[in-house]
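Work out the full structure, taking the sequences as your base and the hints as a guide.
As you go down the protein sequences, you meet chains A and B in turn.
If you use our numbering, the first sequence corresponds to residues 1 to 273, in order.
If you use our numbering, the second sequence corresponds to residues 1001 to 1273, in order.
A few of these clues could be false.
As a list, the in silico DSS-like pairs of lysine-lysine whose alpha-carbon atoms are at most 27 Å apart [to be verified]:
#: 1; chain 1: B; residue 1: Lys1166; chain 2: A; residue 2: Lys145
#: 2; chain 1: B; residue 1: Lys1089; chain 2: B; residue 2: Lys1272
#: 3; chain 1: B; residue 1: Lys1145; chain 2: A; residue 2: Lys166
#: 4; chain 1: B; residue 1: Lys1267; chain 2: A; residue 2: Lys272
#: 5; chain 1: B; residue 1: Lys1050; chain 2: B; residue 2: Lys1033
None of these hints come from the bench; they were simulated from the model.
Okay, here's what each chain looks like letter by letter:
There are 2 protein chains.
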Amino acid sequence: MNIDRNAPVGVFDSGIGGLTVAREIMRNLPSEKIVYFGDTARVPYGSKSKDTVLRYSRQIVHFLKNQGVKAIVVACNTASALALGDIKKELDIPIIGVIDAGAKVAAAETKNKKIGVIGTVATIDSGIHERVLKELCPQVQVIGKACPLFCPLVEEGWLHDDVTTKVAERYLEELKVCGIDTLILGCTHYPLIRSTIREVMGENVRLVNPAYETALELRDLLSELDLTGQENAQEEFPYRFYVSDLAEKFTDFANSILPYDVSMTQKIDIEKY
Amino acid sequence: MNIDRNAPVGVFDSGIGGLTVAREIMRNLPSEKIVYFGDTARVPYGSKSKDTVLRYSRQIVHFLKNQGVKAIVVACNTASALALGDIKKELDIPIIGVIDAGAKVAAAETKNKKIGVIGTVATIDSGIHERVLKELCPQVQVIGKACPLFCPLVEEGWLHDDVTTKVAERYLEELKVCGIDTLILGCTHYPLIRSTIREVMGENVRLVNPAYETALELRDLLSELDLTGQENAQEEFPYRFYVSDLAEKFTDFANSILPYDVSMTQKIDIEKY
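Dropping the structure here:
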């Protein structure tokens, strides 16, 4: 396997949420180029079956490979939960998801061994966090809770809003009753309502944002494989963005959260891959 | 054109919402067979572009034609708004949407000529209700309001819930301030939270549910074209259901709202059409 260390890293998500992961890679791995794909035509993934999420993820991986990426980050918890295992076996370049890195931090930091996980229906139903956490720390107790309204609330922009607080109180009640001391934000949208989640859960619960942890895992992985990008190989446009629909709306959102000026997003027909 | 009058009617929606239209056809046109398709893999349509909704709708129409339908009902407001005009020109069997029937009733019943329309972002942004209503009644004033959280709230099952009431109060406030006397429920999910909308809007505003009106329009159209199904041609299984994902979940939901026992829903790969 002969991989170009100065090739870009591929990052994908069902839509805009994965930009919170891309943001951490930009901040922490400044010498890496990125090709980002957001599947904005078929978002959300969190209410779909494993079959469908796997088929969509394979198409995206195929597209990213065509773009010549050296490694892939699945910046979507649902795709990481339902598709990463199969795709890893089929792929000849390194690929990581967002589940493992968050689980590692949660397992290391919990004191009372009670960890909560919030995410989409598909992610929570998959039980993947519990499996990974139990491997890391068999005596841990994991309480999962699907929060299907959080994504639409974020997409609607109601980030600091009493409706969002009310919904959060409803969803998080059973996690509070269980007395968890650590909570994994198991969907890439959730860091955007972190302050509401913090307010509802209180100051004593550690909130784990897997985006940051995943960027660090990527750094270690590239270094280990001798694939770290060279600083002097950076181009004028190190970050490229592709979506399956609504490129302009995506560009606006990307510009509101990234430390980088996104001038253009290109729309492609992902069903052809 | 030689169409079999005892062939089924094709009905499609982005997901489950169109079942409220299928339900009215079952109730009001008991001699008609139905082939229903719900695009549960790619739902929702309401946040997508015209290009994408048109491409998806063409695939579904192609699938329904393959099933030998005699006419098609676009039981999705977003697809009716963004795709029906183009598809009508390309098709050799009759096709109707849900916009016209609702608009006709609203135009006929408003006293103060102030009509509100609620729907998805794509439906409201298309401005189609205003165009159709102004053709029917040029002096009418139309106030549109997108309500993107209503669908996820219905899908979450929070039909009678104080969060749903709070969201409805927020969305409907400007329609109340404008003093509308008629409100079109411009998304097939909304009849399922009709009582909340009624409570917020008050008793004096007429709520128009296009599902019922569309069933009557279909009856008139079939009669006019001499395509009404013959009662003695009904089969043991007059209603067939297809989806692009999560067939079991769809069957459960269908059984909760239809006056008919749905024993099986078949999953197909719609991208192949």
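Hints, verified against the model:
no.: 1; hint: B:Lys1166 <-> A:Lys145; in the structure: holds (23 Å)
no.: 2; hint: B:Lys1089 <-> B:Lys1272; in the structure: holds (22 Å)
no.: 3; hint: B:Lys1145 <-> A:Lys166; in the structure: holds (23 Å)
no.: 4; hint: B:Lys1267 <-> A:Lys272; in the structure: holds (21 Å)
no.: 5; hint: B:Lys1050 <-> B:Lys1033; in the structure: violated (30 Å)
In this structure, the one hint that does not hold is number 5.
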